[in-house]
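Hey, can you work out the whole structure from these sequences and the hints?
This is what each chain is made of:
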Amino acid sequence: MAGSGGMILTDNKYIAGAISNKLDLLDKCTWADGLWIKRRFLRSLLIRKRMLLKTGKQAYSITKQLIKLGRPRRKKVWKKIPIPLKRISPVAAGLGLIQLKKLDENNKKRIENAKELTKALEKIQFLQLPMIKQNVKHTFLYYTIKIKGDSAQETRDKIIRELNGYGIHATNFVWPLAIHQIPRFRDSLNLQMKNFHGRMILWIGSLICLCTRYWERVI
Amino acid sequence: MGAEYAYSTFSARTALYLILKAHDLNRDDEVIVQSFVCPAVMDALLTAQVKPVLVDIDPVSYTMDIDHLNRAISPKTKAMIPVHTYGHPCDMDALCEIARDKESMLSRIVHQQLELNITRDWLALLEIYLIIVST
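As you go down the protein sequences, you meet chains W and H in turn. All the letters of the first sequence, read from the start, carry residue numbers 1 to 219 under my numbering. All the letters of the second sequence, read from the start, carry residue numbers 220 to 354 under my numbering.
Check before you lean on any hint, since a few could be wrong.
[To be verified] Derived DEER-like restraints, expressed as beta-carbon distance ranges: (1) W:89 / H:223: 20 to 26 angstroms; (2) W:148 / H:294: 24 to 30 angstroms; (3) H:223 / W:154: 49 to 55 angstroms.
[Claimed, not checked] If we take Cβ atoms under 7 angstroms as the criterion, some of the chain H residues that face chain W in the derived model are: (4) 261; (5) 270; (6) 291.
Keep in mind that the hints were calculated from the coordinates and are not lab data. All figures in this text were calculated on a predicted structure; none of them were measured in a lab. Even for Gly, the Cβ is constructed at its ideal location relative to N, Cα and C.
Given below as structure tokens:
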């Protein structure tokens, strides 16, 4: 979610005032846990940045260095990078406003696509399609399909392989993660795996980038 | 976007952090959040130094389980963060009913914010909503 942008909208004058008063906090603090990445990965990023400025033999020698860095090591060293909380830049905000104008249209397209998919897939017994509530507008950010039955994981993988075989991009979707399955939250909050549905949710298979031209092949 | 005031931020977790800070929540205050959610929500809660309370999700809609939510609410609960997972709207009617049951704890300002959330219909962009249960 980092860098994807956020927005707070309110009609409430009191809340707006309170937010304005707290804006000073942003540059002073960072994420609670920062961003943890492998030190090796960080080093490779730095080298790649330098490589952009070089050409020919120099670039080749740096590529060899990168290959060396890619070798597995016994000990993984993680580095914490503090990420500051801040407001969006004016350029990014401008781009965001342009994209926002397309939002209603994009949502309409998503809803139409979802209707077509539901119509085609509802006859298949072992698929659990998204639950559609009455009098509520779904946007179908993703069209999630859950495989029912004991061998759900195997069936899911088989379907993904089949679709990929037809040149259709499909994958199992594991985001967002269940909080109780992320070690840093599980340990600090002492969460019990058995109390949540999260393990089951990891079996969701969702069809991503399923465009209109693929429908006939899927159906 | 149909709102009088708008604040754009670098990330969604920054926006959540600002909302939590704007409501002056303390260390002991509990905020209810569903267990199947982007870690950014948890990061925002921990950065704002409030206590997150996880509730389970409904296995069909992947959104907040209302029964579990009812059990999780305590006198220390100050807010709940329902998430429209994958663009599937959570049961806002039931959530608002729970919030209205606690109307004795609600301030007028907060109640207005609650009504505002119901009328929003573009859920894809703002997946995360915040309803303050009490102040």
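**Numbers of the earlier hints that this structure fails to satisfy, in rising order** = 2, 5, 6
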